[in-house]
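A.B. asks: Okay, here's what each chain looks like letter by letter:
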Amino acid sequence: EAGVVQSPRYKIIEKKQPVAFWCNPISGHNTLYWYLQNLGQGPELLIRYENEEAVDDSQLPKDRFSAERLKGVDSTLKIQPAELGDSAVYLCASSSAPRGNEQFFGPGTRLTVL
Amino acid sequence: QKEVEQDPGPLSVPEGAIVSLNCTYSNSAFQYFMWYRQYSRKGPELLMYTYSSGNKEDGRFTAQVDKSSKYISLFIRDSQPSDSATYLCAMGKAAGNKLTFGGGTRVLVKP
Numbered sequence: 001e002a003g004v005v006q007s008p009r010y011k012i013i014e015k016k017q018p019v020a021f022w023c024n025p026i027s028g029h030n031t032l033y034w035y036l037q038n039l040g041q042g043p044e045l046l047i048r049y050e051n052e053e054a055v056d057d058s059q060l061p062k063d064r065f066s067a068e069r070l071k072g073v074d075s076t077l078k079i080q081p082a083e084l085g086d087s088a089v090y091l092c093a094s095s096s097a098p099r100g101n102e103q104f105f106g107p108g109t110r111l112t113v114l
Numbered sequence: 115q116k117e118v119e120q121d122p123g124p125l126s127v128p129e130g131a132i133v134s135l136n137c138t139y140s141n142s143a144f145q146y147f148m149w150y151r152q153y154s155r156k157g158p159e160l161l162m163y164t165y166s167s168g169n170k171e172d173g174r175f176t177a178q179v180d181k182s183s184k185y186i187s188l189f190i191r192d193s194q195p196s197d198s199a200t201y202l203c204a205m206g207k208a209a210g211n212k213l214t215f216g217g218g219t220r221v222l223v224k225p
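Chains A and B, in that order, give the protein sequences. Counting from 1, one number per residue, gives the positions in the first sequence under my numbering. Counting from 115, one number per residue, gives the positions in the second sequence under my numbering.
For the record, the hints were derived by calculation from the structure and aren't laboratory data. One or more hints might be untrue.
With a straight-line cut-off of 30 Å between C-alpha atoms, the simulated DSSO-like cross-links for lysine-lysine are [claimed, not checked]: (1) Lys170(B) with Lys78(A); (2) Lys71(A) with Lys207(B); (3) Lys116(B) with Lys78(A); (4) Lys184(B) with Lys78(A); (5) Lys156(B) with Lys71(A); (6) Lys116(B) with Lys156(B); (7) Lys156(B) with Lys62(A); (8) Lys184(B) with Lys116(B); (9) Lys15(A) with Lys184(B); (10) Lys62(A) with Lys116(B); (11) Lys156(B) with Lys11(A); (12) Lys170(B) with Lys207(B).
Since the structure is predicted, the reported quantities are computational estimates derived from the model, not experimental observations.
Same shape as in the complex, but just chain A (with noise of 0.2 Å):
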């Protein structure tokens, strides 16, 4: 069974500039999650989706992150215009009930601003 795909795994950009990653989660897991990490520290949920629906978006940056998960399938995380703290680790995440506590993790998309 193929894992969590994300894409980009690396990126490299100016601040200010726009960037976008993409994320496939386990075959028939409606639940999706993006994750940031920071160096050093562990994950934290950015935005969590039920099937279509963001259930959980509450810790996203809505002044310049945006998300999407059309058809309840693939996602995309969105920064416009990108600032040089949001250098990080992106991390896509899937689950699916009823055993939605564990949650498997992409390999990640690291981010640099420059």
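Given the coordinates of chain A, assemble chain B onto it according to the supplied hints.
C.D. replies: Only chain B this time, still in chain A's reference frame:
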């Protein structure tokens, strides 16, 4: 104060030793407890999952949860150099909800 505290390490042990890791937490609403292993430049990999208090064993790994003390542990027996990684504890309040992670403990197993 963070909801979940974890010593960052590094924790260095000789090959074959027992690795002992732990996390403390402050929110009694946490019901689900997990341990993830993360190699450098990789995503977290789920190792152990426990619901409520008790012990769980899987091969060389044993997870313990003591909800009365708000303390969880992971033990790795017969440690191998391939166990060298960062270990993250994570906790959830309800199925499918977000996980709250500790900061991770870096473990080095020396041959």
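A.B. asks: Next, verify each hint and record whether it holds.
C.D. replies: Here is how each hint holds up against the structure:
1. Lys170(B) with Lys78(A): Measuring from Cα to Cα gives roughly 39 Å; hence the hint is violated.
2. Lys71(A) with Lys207(B): Between Lys71(A) and Lys207(B) the Cα gap is close to 28 Å, so the pair holds against 30 Å.
3. Lys116(B) with Lys78(A): holds, 28 Å
4. Lys184(B) with Lys78(A): violated, 37 Å
5. Lys156(B) with Lys71(A): Holds. Lys156(B) to Lys71(A) sits at ~28 Å (cutoff 30 Å).
6. Lys116(B) with Lys156(B): holds, 24 Å
7. Lys156(B) with Lys62(A): holds, 27 Å
8. Lys184(B) with Lys116(B): holds, 13 Å
9. Lys15(A) with Lys184(B): Not OK: Lys15(A) and Lys184(B) at ~42 Å, beyond 30 Å, violated.
10. Lys62(A) with Lys116(B): Given pair Lys62(A), Lys116(B) holds - Cα atoms ~24 Å apart, limit 30 Å.
11. Lys156(B) with Lys11(A): Between Lys156(B) and Lys11(A) the Cα gap is close to 15 Å, so the pair holds against 30 Å.
12. Lys170(B) with Lys207(B): Since the Cα atoms of Lys170(B) and Lys207(B) sit roughly 19 Å apart, the hinted pair holds (cutoff 30 Å).
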